[in-house]
Amino acid sequence: MSFTKSPQVFSSKVTEIEIGTGSEAVRLGGENTLPLYSFDADTKNPPLVGIDFSDKGPDTDIPGVAAFFAGADTLGAVAKRASEAEGASFVCFSLNSADPNGDDEAVDVSVAKCKEVADAVTKPLVIQGSGNAEKDAELLGAVAEALSGKNVLLMSAVEDNYKGIAVGAVLAYGQKIAAESAVDINLAKQLNVMIGQQGVSSDSYVMHVGNAAAGYGFEYVASAMERIRGAGLSQNDDMLQAPILTPLAADAWSVKESIAPEEDFPEWGPAEERGINMEVSTAMACLASGSNAVILKHPESVKTVAALVGELV
Amino acid sequence: MALKGLDIFKLTPRTNCKECGNPTCMAFSMKVAQGTAQIEDCPHMSADALDMIAGATAPPMKSLAFGTGDAELKLGGETVLFRHEKTFVSRNPFGVNVNAANVDAVLAEAAKIDYERIGERMRVDVVNVEYTGDKDGFLGAVKKAVDFGRAIILEVSDAAVAKEALEIAGAAKPILNGANASNYKEMSEVATAAGVALGVGGASLDEIYTTVKALEEAGVKDMAIDVGSASAKDAFANTVQIRRAAIKDGDRSFGYPTIVNVGKIGGGCSYKETGLASLFTLKYGSVVLMSSISYAQALPLYGLRQNIYTDPQKPMTVEAGNYPLNVATAASPCALTVDFALTYFIIAGEIERSGVPVNLLIPDAGGYSVLTAWAAGKLSAGSIAKFIKEQDIEGKISSRDLMIPGKVAVLKGELEDSLPGWNIIVAPNEAVSLVKFLKERYA
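If you read the sequences in order, they're chains X and H.
First residue of the first sequence? That's 1 in our numbering, and the numbers climb one at a time after it.
First residue of the second sequence? That's 314 in our numbering, and the numbers climb one at a time after it.
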């Protein structure tokens with residue numbers, strides 16, 4: 001009367017995508033099971049953790065982040081330090097200064113920064129644009145050209161700029177891109193279809209399907225990811241089989257629980273502890289729902305989540 | 314396994330007596346199959362037939378209650394594997410591990426957590442008292458756990474010690490967690506005598522399964538399964554496979570709630586415990602136990618649980634009313650948005666970030682986002698004016714500045730008509746612009 005295991009292995013699989021070059025290149029996706037279900041079948045490429053830093057420099061408001069980057073005075077040094085963070089498989093460089101509603105830094109300045117970062121690290125590189133669709137169309141194309149041959153991943157192509165980015169980054173310079181949509185399976189699919197119509201092959205893009213911090217509508221994120229994975233694996237929908245990459249540092253470190261000063265809520269304890277727990281909790285919830293990679297900010301979160309993935313898969 | 318109408322029909326007397334209120338036995342059977350009529354409505358069903366139907370229509374996973382009074386918790390009873398299919402039923406309680414040595418310190422820390430979030434009281438739900446070989450110390454810890462007043466799990470596999478512990482804690486209806494392949498007979502006798510549920514564990518899924526089967530044959534009904542603590546990988550594999558066997562494959566012998574002790578698989582690292590507790594909140598832990606719970610851990614975990622266990626058909630809402638932010642007074646300006654919890658949190662967060670004192674007014678808008686509520690007629694000049702009258706905002710607040718969401722700027726004119734004396738201000742379209750807007754206007 002023993003228990004008969006019935007592994008849930010699908011005939012479809014998540015598309016496998018490589019970023020970076022050389023011995024430190026990483027691969028996302030490739031599994032034919034639900035997320036983290038390594039007991040059903042070998043998880044071909046265990047989920048990855050990336051570390052994020054801004055072109056404005058490390059977030060020195062957070063003591064642990066400031067201490068980690070202490071002494072790194074140039075962008076190159078910061079990038080190198082980030083790439084040495086325990087558990088980080090790739091580095092994510094965010095061009096916050098390029099935001100037209102903020103500093104609106106010129107494209108050539110941003111591109112020079114990207115070059116400095118790319119020269120300083122050997123790990124794969126993800127570049128996040130300004131978040132402004134119009135600016136990113138121009139910016140990410142220029143970055144793709146400057147970093148030609150590095151096989152970087154550019155975030156993000158959205159509905160309003162995917163054409164330019166698909167052609168300018170993928171077709172012209174062979175880079176990878178992330179297709180970003182807002183927590184909805186249909187929007188995600190629609191964008192993937194349109195990107196495919198530009199001639200981008202399925203092994204050249206990942207999905208960024210939106211995110212929220214734990215407690216802030218995460219149910220939408222969980223269900224969107226679970227439905228996307230379900231459609232890709234059990235219904236063999238090849239427009240929903242791209243790996244999912246989820247940058248969540250900005251969400252996790254902007255909610256009240258992570259930033260409210262301890263003076264205002266003495267019983268809550270230090271803000272940094274709250275932020276790390278929020279970041280780790282959100283990251284594990286994303287990985288459980290379907291993310292193939294998460295991007296975090298605090299070195300302690302990076303280390304923790306990478307260690308947990310190592311233990312689970 | 315759902316019964317078809319025809320299967321039920323075969324069990325009815327087939328006399329078309331109409332006593333159930335339906336024209337024929339067939340019509341009645343179809344309704345029962347759809348769940349719109351109860352089998353008990355037929356006065357002529359045999360006891361055997363009733364048992365069979367009850368068995369066939371029972372949920373694939375049993376539910377289990379433990380604890381008493383306001384500490385009572387319900388576990389299990391889940392019917393689906395994914396929340397987009399149907400609402401998850403029993404939110405997973407979070408508990409702390411205590412033993413003879415650390416009981417005072419852990420409970421003192423746990424007692425601090427008590428707050429409300431969107432109408433739900435958040436606190437440490439369970440105390441798991443572990444027997445570590447010191448009987449007197451264990452019994453002392455059990456006594457303290459009882460006094461703490463939350464639901465209790467007794468983690469002890471020595472039947473004699475378990476019996477003594479239940480003399481102290483039996484009235485609190487704990488789960489006696491400690492049955493395994495070698496002691497299940499004695500343990501089930503102790504649990505049955507005290508009328509409490511039994512937690513069953515084992516070295517492998519096979520061993521657990523065999524033990525559960527043996528207990529079922531002995532007539533034990535109330536059980537929970539301890540998924541084990543050999544490693545995070547094992548615990549996760551067991552938890553998922555137990556739930557999947559019950560719900561997807563209809564294997565009733567794994568249709569019991571699970572106990573997951575991340576305190577034992579987190580390697581003594583609180584961040585790892587937070588991560589694992591999050592994982593098991595999404596993936597099928599019915600009770601999640603940790604070595605201790607700090608506020609920093611509770612805030613994300615309880616929020617995440619609230620999200621995951623919300624009804625996918627029904628958005629979370631905050632109660633209508635005035636929420637003074639940044640120590641707002643009667644003279645502080647008012648801002649208005651909808652009662653959809655997500656919108657409320659985002660707007661309240663941005664206002665708090667601005668540091669500008671604001672009275673945030675939340676009318677009943679059906680739990681929709683701003684534009685949807687407006688399109689559905691739940692957020693109109695009329696409904697806003699009515700809310701301001703009903704809540705006596707004009708009596709409580711002296712400021713006459715009212716900011717409305719930029720997306721419903723169209724309401725400005727009508728509002729000026731229906732709220733004479735108020736200065737209606739159109740705020741930005743997006744929450745991200747709010748800090749700048751408020752600072753420029755009021756700081």
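Simulated from the structure, these hints should not be mistaken for lab results.
One thing to keep in mind: the hints can contain errors.
[What the hints assert, rightly or not] Taking lysine-lysine and the BS3-like style, the derived pairs with C-alpha atoms no more than 30 angstroms apart in a straight line are:
# : chain 1 : residue 1 : chain 2 : residue 2
1 : X       : Lys5      : H       : Lys387
2 : H       : Lys720    : X       : Lys189
3 : X       : Lys189    : H       : Lys627
4 : X       : Lys5      : H       : Lys546
5 : H       : Lys720    : X       : Lys256
6 : H       : Lys709    : X       : Lys5
7 : H       : Lys561    : X       : Lys256
[What the hints assert, rightly or not] Here's a subset of chain H near chain X, in silico, CB distances under 8 angstroms, partners left out:
#  : residue
8  : Thr523
9  : Gln554
10 : Leu589
11 : Ile621
12 : Phe658
13 : Asn742
14 : Glu743
Here a beta-carbon is modelled for each residue, glycine too, at the ideal position from N, C-alpha and C.
Structure-based check of all given hints:
1. X/Lys5 - H/Lys387: holds (28 angstroms)
2. H/Lys720 - X/Lys189: Since the Cα atoms of H/Lys720 and X/Lys189 sit roughly 27 angstroms apart, the hinted pair holds (cutoff 30 angstroms).
3. X/Lys189 - H/Lys627: holds (25 angstroms)
4. X/Lys5 - H/Lys546: holds (16 angstroms)
5. H/Lys720 - X/Lys256: This hinted pair holds, its Cα atoms lying about 24 angstroms apart.
6. H/Lys709 - X/Lys5: violated (64 angstroms)
7. H/Lys561 - X/Lys256: It is violated: about 39 angstroms lies between the C-alpha atoms, which goes past 30 angstroms.
8. Thr523: For H/Thr523, the interface hint holds, since the closest Cβ of chain X sits about 6 angstroms away, which is under 8 angstroms.
9. Gln554: Interface hint status for H/Gln554: holds (7 angstroms vs cutoff 8 angstroms).
10. Leu589: holds (7 angstroms)
11. Ile621: Holds, because the Cβ-Cβ distance from H/Ile621 to chain X comes to roughly 6 angstroms (cut-off 8 angstroms).
12. Phe658: holds (6 angstroms)
13. Asn742: Result: violated, 13 angstroms to nearest chain X Cβ.
14. Glu743: With a closest approach of 11 angstroms, the H/Glu743 hint is violated.
The earlier numbered hints that this structure contradicts are 6, 7, 13, 14.
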